[in-house]
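Chains as they are written, first to last, in our numbering: chain F, 40 to 419; chain Y, 3 to 371.
Hints may contain errors.
Covered stretches of chain Y (in silico footprint by chain F; criterion: 3 or more residues with CB under 8 Å from a CB of chain F, positions within the stretch not fixed) [claimed, not checked]:
hint : stretch
1    : 190-197
2    : 240-250
3    : 336-345
Because the hints were derived from the structure by calculation, they are not lab data.
Ideal placement from N, C-alpha and C gives every residue a C-beta, glycine not left out.
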Amino acid sequence: MQRLRCLVRKEFLELRMNPRLLRLVVIAPILQLTMLGYAATTDVKNVPLVVADGDRSAASRELVARFEASPNFTVIDTVTAVNEIEPYLGRGRASLALSIPAGYGASIRSGRPVKVQVAADGTDSNSTTVALGYATSLIGGYAQELIDRAAAGPDTAPGRGAAAGPAIDARIRVWFNPQLESRHFMIPGVLALVLLIVTANLAAMAIVREKELGTLEQLNVTPLRRWELIVGKLLPYGLIALVDVLLVVAVAVLWFEVPLRGSFALLFGMSVLYVLSTLALGLFISTISDTQQQAMMTATFFFLTPMIYLSGFIFPIENMPAIIQPFTYLIPLRYFLVMVRGIFLKGIGLDLLWPQAAALGAWGVVVLALAVARSRKIAR
Amino acid sequence: MRKALAVYRKELRQILRDRRTLLILVFIPALFLLLYGYALNFDIRHIALAVDDRDGSPQSRAVVSAFVNSGYFDLVATTHSPVEIERLVNLNQARTVLVIPEGFGRDLSSGLQAPVQVIIDGDNANTATTVLGYASNLLRTVGAELAPPTAVRPAPLAVEPRIWYNPELRSTLFLVPGLIAYIGMITAVASTALSIVREKESGTMEQVRMAPIDTFSFIVGKTLPYFLISLASAALIILASMVLFGLPMRGNWLTLLLAVSLFLVGALGTGLLISTVAESQQVAFQMALLISLLPTIMLSGFIFPISGMPAFLQAVTYVVPARYFLVALRGIVLKGSALSHLGVPLLALTAYAAAMLTLASLRLSRERT
Chain F
40 MQRLRCLVRK EFLELRMNPR LLRLVVIAPI LQLTMLGYAA TTDVKNVPLV
90 VADGDRSAAS RELVARFEAS PNFTVIDTVT AVNEIEPYLG RGRASLALSI
140 PAGYGASIRS GRPVKVQVAA DGTDSNSTTV ALGYATSLIG GYAQELIDRA
190 AAGPDTAPGR GAAAGPAIDA RIRVWFNPQL ESRHFMIPGV LALVLLIVTA
240 NLAAMAIVRE KELGTLEQLN VTPLRRWELI VGKLLPYGLI ALVDVLLVVA
290 VAVLWFEVPL RGSFALLFGM SVLYVLSTLA LGLFISTISD TQQQAMMTAT
340 FFFLTPMIYL SGFIFPIENM PAIIQPFTYL IPLRYFLVMV RGIFLKGIGL
390 DLLWPQAAAL GAWGVVVLAL AVARSRKIAR
Chain Y
3 MRKALAVYRK ELRQILRDRR TLLILVFIPA LFLLLYGYAL NFDIRHIALA
53 VDDRDGSPQS RAVVSAFVNS GYFDLVATTH SPVEIERLVN LNQARTVLVI
103 PEGFGRDLSS GLQAPVQVII DGDNANTATT VLGYASNLLR TVGAELAPPT
153 AVRPAPLAVE PRIWYNPELR STLFLVPGLI AYIGMITAVA STALSIVREK
203 ESGTMEQVRM APIDTFSFIV GKTLPYFLIS LASAALIILA SMVLFGLPMR
253 GNWLTLLLAV SLFLVGALGT GLLISTVAES QQVAFQMALL ISLLPTIMLS
303 GFIFPISGMP AFLQAVTYVV PARYFLVALR GIVLKGSALS HLGVPLLALT
353 AYAAAMLTLA SLRLSRERT
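Please model the entire structure based on the sequences and the hints provided.
And the structure:
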């Protein structure tokens, strides 16, 4: 215990001598929260739209006015012919083009069906899908209004028409996040990402640093036991990670007003479990790397990147093809994300989350065993 | 120039000795493209659907089969218990629940408006928005089919959507440029920064300082190997995506090379600048992550559209080089834009690269004297 205390003190001294690193591990989570809290939304606002109005009637202007009034679109220009929209989309000045054919107003008046065309720049298929969806539902809503207006007739007072509205009244309710705020989904995820970077990457680099400088040899000849060496090296990063947990939860709840519906104690407990398994991962990476550059590459390419993309952090797992989905079970972040989001947004407890907790624990034990087996070769 | 070449040779030898890093830098990006190209997409399908059909009429069954046959929803459970519904949603086993109340079919055939309840799990707001759109469109269509003809009027106005440049809206086509930017950031920024800080950490920087090498030769010699490696890696990614994912190449190869090179020079400059600030590799890595990697994912428009961000973050995106790189790359590869159309993004990339290199060399020469 005495020896362990000495090593932990040495680690903390080293951290203190490196005040930039300490500052960074506090600033980093805040910056990440800001980026993800504000930027991570696929809501599309102010989509630049160019209108090719071939009709130039009161009816066509009414439709264009709907787009102008919508916060989702900004009409940047109006031209008269369809072929004039090409340069707008080609140069990226507009992402969407609405073409109204000549004779549009006449068709609407006489009740003949008419088609308007919406062309979208498909190079950013993500926002395109969303923007096209907005445009379609805006025009759909406007069409419904035209039907209702025609049904009501010119003589009837508004609101008195029979059978107004669609045949099926869709009463849609969104649970847990009725305002559909993306940040309620993304911010709890930041917790998982921050902890992963602090524990896996930095801890791995801390151990490899001793290898690189040759001081690991010196530690090996001290009377330190192997487990003491491991625990001593990892403990400071575990503690920093726990401080980050408090920091991220505080900012999420107080600043971003993400509801914490479940128990904080459970959240903290699960974070400890997660930190233990990612520290094991850091140890494992350190045993397979000789330089810090290698450790960084291994951690970033083989662990961090797949975890960001394949854990359901940004891209939902259920959208992935069936061959890829089994691989996501190997990613500890997947389990932690389900738990964090479940505790934050759904307020569920261990009675429903125990399979995730068990999987995460098992993952940690396996990686720790692998790391210890490998580190035997290095340390004595 | 000879001095720069000497530093270059030393650096290259050091990289070549570290086989794993070299392999990771050159081949893994292309491999990852494969994985992510298949794995990632925003087309939301196979949404787990639970149904509580309390009506059991032909009409209500028609609504359910309209959902299932749409291809967007997978029926995972039928139940009549609200408790069971809550359990399914809490466990993420159902993302959407369709509740059809008693009397639905009767109301519909008598021309009344018939209510249907749809519950959507909103934890992922982005998916939920899309599901909401699918569900309301489906209900509108199926309602028009089921209601007696007298109650329905044909819609006077229809939309004909057209998608240019990427008609099948394949996510791969727009992910590839983003992945090149991301990988360029890892190799160029992080590796360069780490390789210089390593010299500081192990004390060999003193030796370099003593050697008769000027700042210019040092910068060129140190960054050239990483520039070449990143370029090779980018070329591999582009070739792989053309062969495997049918990425079209509609523009000019030379313009593409220019855009990639400008972006990489800017990234290398960032790496250099970080290395002059950071004292340890851990700090260098954290800084690289914060000022290059994360902004490249989050603030470049790679995944999240810039137009949806609040104004102060939109202002920040103007100094994220990946933002311009993505516009240039998508323009060249997918739209076949000529050099004259790409003036703004290319100039911005040049300005960024120049600023980074100037700052880095100023700091370096101050450090060296």
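For a quick check of understanding: which of the numbered hints are violated here, in increasing order?
Of the numbered hints, just 2 does not hold.
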